[in-house]
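Novice: Fit chain B to the given chain A structure using the hints.
Each chain, written out:
There are 2 protein chains.
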Amino acid sequence: MATRAFKNIDKVPEPTLRRLPWYLSSAKLMREEGEIYVSSTQISKRINIDASQIAKDLSYVAITGRTRVGYDIDLLIHVLEDFLGFTNLHKAYLFGVGSLGGALLRDSGLLHFGLKIIGAFDINPDIVGTEINGIPIYHSDEFEKRIQEDKVNIGVLTVPITIAQEITDKMVDGGIRAVWNFTPFRIRVPENIVVQNTSLYAHLAVMFNRLNEVVNK
Amino acid sequence: MATRAFKNIDKVPEPTLRRLPWYLSSAKLMREEGEIYVSSTQISKRINIDASQIAKDLSYVAITGRTRVGYDIDLLIHVLEDFLGFTNLHKAYLFGVGSLGGALLRDSGLLHFGLKIIGAFDINPDIVGTEINGIPIYHSDEFEKRIQEDKVNIGVLTVPITIAQEITDKMVDGGIRAVWNFTPFRIRVPENIVVQNTSLYAHLAVMFNRLNEVVNK
Numbered sequence: 062m063a064t065r066a067f068k069n070i071d072k073v074p075e076p077t078l079r080r081l082p083w084y085l086s087s088a089k090l091m092r093e094e095g096e097i098y099v100s101s102t103q104i105s106k107r108i109n110i111d112a113s114q115i116a117k118d119l120s121y122v123a124i125t126g127r128t129r130v131g132y133d134i135d136l137l138i139h140v141l142e143d144f145l146g147f148t149n150l151h152k153a154y155l156f157g158v159g160s161l162g163g164a165l166l167r168d169s170g171l172l173h174f175g176l177k178i179i180g181a182f183d184i185n186p187d188i189v190g191t192e193i194n195g196i197p198i199y200h201s202d203e204f205e206k207r208i209q210e211d212k213v214n215i216g217v218l219t220v221p222i223t224i225a226q227e228i229t230d231k232m233v234d235g236g237i238r239a240v241w242n243f244t245p246f247r248i249r250v251p252e253n254i255v256v257q258n259t260s261l262y263a264h265l266a267v268m269f270n271r272l273n274e275v276v277n278k
Numbered sequence: 062m063a064t065r066a067f068k069n070i071d072k073v074p075e076p077t078l079r080r081l082p083w084y085l086s087s088a089k090l091m092r093e094e095g096e097i098y099v100s101s102t103q104i105s106k107r108i109n110i111d112a113s114q115i116a117k118d119l120s121y122v123a124i125t126g127r128t129r130v131g132y133d134i135d136l137l138i139h140v141l142e143d144f145l146g147f148t149n150l151h152k153a154y155l156f157g158v159g160s161l162g163g164a165l166l167r168d169s170g171l172l173h174f175g176l177k178i179i180g181a182f183d184i185n186p187d188i189v190g191t192e193i194n195g196i197p198i199y200h201s202d203e204f205e206k207r208i209q210e211d212k213v214n215i216g217v218l219t220v221p222i223t224i225a226q227e228i229t230d231k232m233v234d235g236g237i238r239a240v241w242n243f244t245p246f247r248i249r250v251p252e253n254i255v256v257q258n259t260s261l262y263a264h265l266a267v268m269f270n271r272l273n274e275v276v277n278k
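Protein chains in written order, with the working numbering: chain A, 62 to 278; chain B, 62 to 278.
Just chain A, same shape as in the assembly:
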């Protein structure tokens, strides 16, 4: 599919994948400040993660640092962006143009990180046939036909929980291989389908709970 900078053929652990974007943003920031080389120790000082952990995480990426100097900063940024999939455009559909779905269609930031939503599906006659941020909204019935032309394999799920499973099943039947699930519903999928759960509401719950502990201390 894509040419990726894979050094290590082992499966990359999810915690590593979640930390790599932190190193990427630190490196970008240091480059803006004029740095040419960056070491794991320097990154460590900035983001308060153990330098040995950073070096270990970076061992999954095909880059070699120079002793006492560190990594070439341009190269590190390039290799990380490539490894994380941000330099490739991954086409996606969005399902459910409600409040959150509409908001995501308007977030052009996703494009800079490799996700290009090329179409959305809904059944609301007020919005079917219109577009948001240049992205056309189709009737859900058109999905099976569209996906054969568009060759999309990522679906962003922002429907009400009552139909989350039904729409997921339909997506998978149509050929979607990865579901980015923004609903607070735990969807079930066949084993070979990737699910990434991003429930803003679950994150809110964690934050409220921790805040309550701090405020009542």
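Please keep in mind that the hints were generated in silico from the structure rather than gathered at the bench. Computed from a predicted model, the values in this text were never measured in an experiment. Be careful, since some hints might not be right.
Identical copies look the same in the list; a pair holds intra-copy or inter-copy alike.
With a straight-line cut-off of 30 Å between C-alpha atoms, the simulated DSSO-like cross-links for lysine-lysine are [unchecked claim]:
hint	residue 1	residue 2
1	106	231
2	152	89
3	89	212
4	231	89
5	72	152
6	89	177
7	206	72
8	152	106
9	72	177
10	177	206
11	72	212
12	106	212
13	231	212
14	89	117
15	206	89
16	206	231
17	72	231
Specialist: Here is chain B on its own, set in the frame of chain A:
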């Protein structure tokens, strides 16, 4: 602060807090289907989590089930929503009205889960003084004055990474107690400040990587 249905005074583990919204959405769905009682076994079948795990998670919440019958479904929903903080309105400010920030201001869904963004801050003269979705956008310089009137303790961070730490420091100095960090930057805060990281881009990286593995298999 709020009246919460705390049964257990221990700190609720984060994995539990992340699973509880799944049980809540399952219970809501079953109620729509006409159920009056719900057991952990029933929830387990739907979302594929061990029933004993569900029972253990629910033990943090002040609710008692009836043997062989389960939990009263209305009560379970009410208690979970209360416990998760969704029934209280938590006032928040948003910092950085770019693409993602603007999208979040337009997402009225947050309101149903207890987060009310009452003001946003930016320095862009084109948008300062305007509003999005009824939420006023102020100049960043007004923050210190505003927070004294508004008594807000949650800040949503959607600024560019180059100023993420600077704005965080400013928020904390002004009295913000919890930061919902949407930037891919790892911010540092004093010990008593809550940080909830929700980097959409880190989630994208995980999804792309897993998708790549599946597609290349």
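Novice: It remains to establish, for every hint, whether it holds in the given structure.
Specialist: Hint by hint, here is what the structure shows:
no.	hint	verdict
1	106 to 231	between (47 Å within a copy, 21 Å between copies)
2	152 to 89	within (26 Å within a copy, 33 Å between copies)
3	89 to 212	neither (33 Å within a copy, 35 Å between copies)
4	231 to 89	between (40 Å within a copy, 22 Å between copies)
5	72 to 152	within (23 Å within a copy, 41 Å between copies)
6	89 to 177	within (23 Å within a copy, 33 Å between copies)
7	206 to 72	neither (34 Å within a copy, 50 Å between copies)
8	152 to 106	neither (37 Å within a copy, 33 Å between copies)
9	72 to 177	within (25 Å within a copy, 40 Å between copies)
10	177 to 206	within (19 Å within a copy, 40 Å between copies)
11	72 to 212	within (26 Å within a copy, 47 Å between copies)
12	106 to 212	neither (44 Å within a copy, 34 Å between copies)
13	231 to 212	within (15 Å within a copy, 46 Å between copies)
14	89 to 117	within (20 Å within a copy, 43 Å between copies)
15	206 to 89	neither (42 Å within a copy, 33 Å between copies)
16	206 to 231	within (12 Å within a copy, 51 Å between copies)
17	72 to 231	within (29 Å within a copy, 40 Å between copies)
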